[in-house]
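Go ahead and model the full structure; you've got the sequences and the hints to work with.
Each residue of the sequence shown is one higher than the last, beginning at 705 in my numbering.
Rather than coming from a laboratory, the hints here were simulated on the basis of the structure. Note that the Cβ used here is the ideal one computed from N, Cα and C, for glycine as well. There is no bait here: all hints are sound.
Here are the computed distance ranges between Cβ atoms for each label pair: (1) E864 / P820: 37 to 43 Å; (2) P758 / Q817: 25 to 31 Å; (3) L865 / Q739: 21 to 27 Å.
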Amino acid sequence: MALMLLCLAGACDAQNAPAPGRRWESKTFSIELPQEWGLASSGETNPDFQFEGPNDITFEVALGKASENPSPADALKALTSVIVLSDGKTTPLTQWSKFSGLGEEMEGTMNPQAQPPIKARIIIFVFRHGDDMYIITEIAHMDDYEKYAADYKTLEQSFELK
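Dropping the structure here:
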């Protein structure tokens, strides 16, 4: 799956991605890329940093100025309102890595009409740090999440703000 790092408002700088298993740095945060993860794309006019891991695993970090964004609760509500999971369960979160904020862990079927249906696990977590608001998003098929849970743990535990 892909690891996307979205840095809104030009708050990140595009740098060459390290070899897998090495630290990736931006102006505002750094993260350890697990083995088999690497940079897929980045650009100055498009502030997205997309990293790819095995089987389309997705991890995103969106960064914006807190003063220009809704409250974390409003941001979370807006983000989760567009996700439709049938036969799903939702667990509220107040902690991701060492950061306090608001979030939800969702599990269920993303597209029940697909054959076979897509069972997924999604985490959306919003927190503020100083003048910045961060939105963390993790998306994986359930089978892939279970297989690559250690990759998500590496991403979560190694995420550092500057």
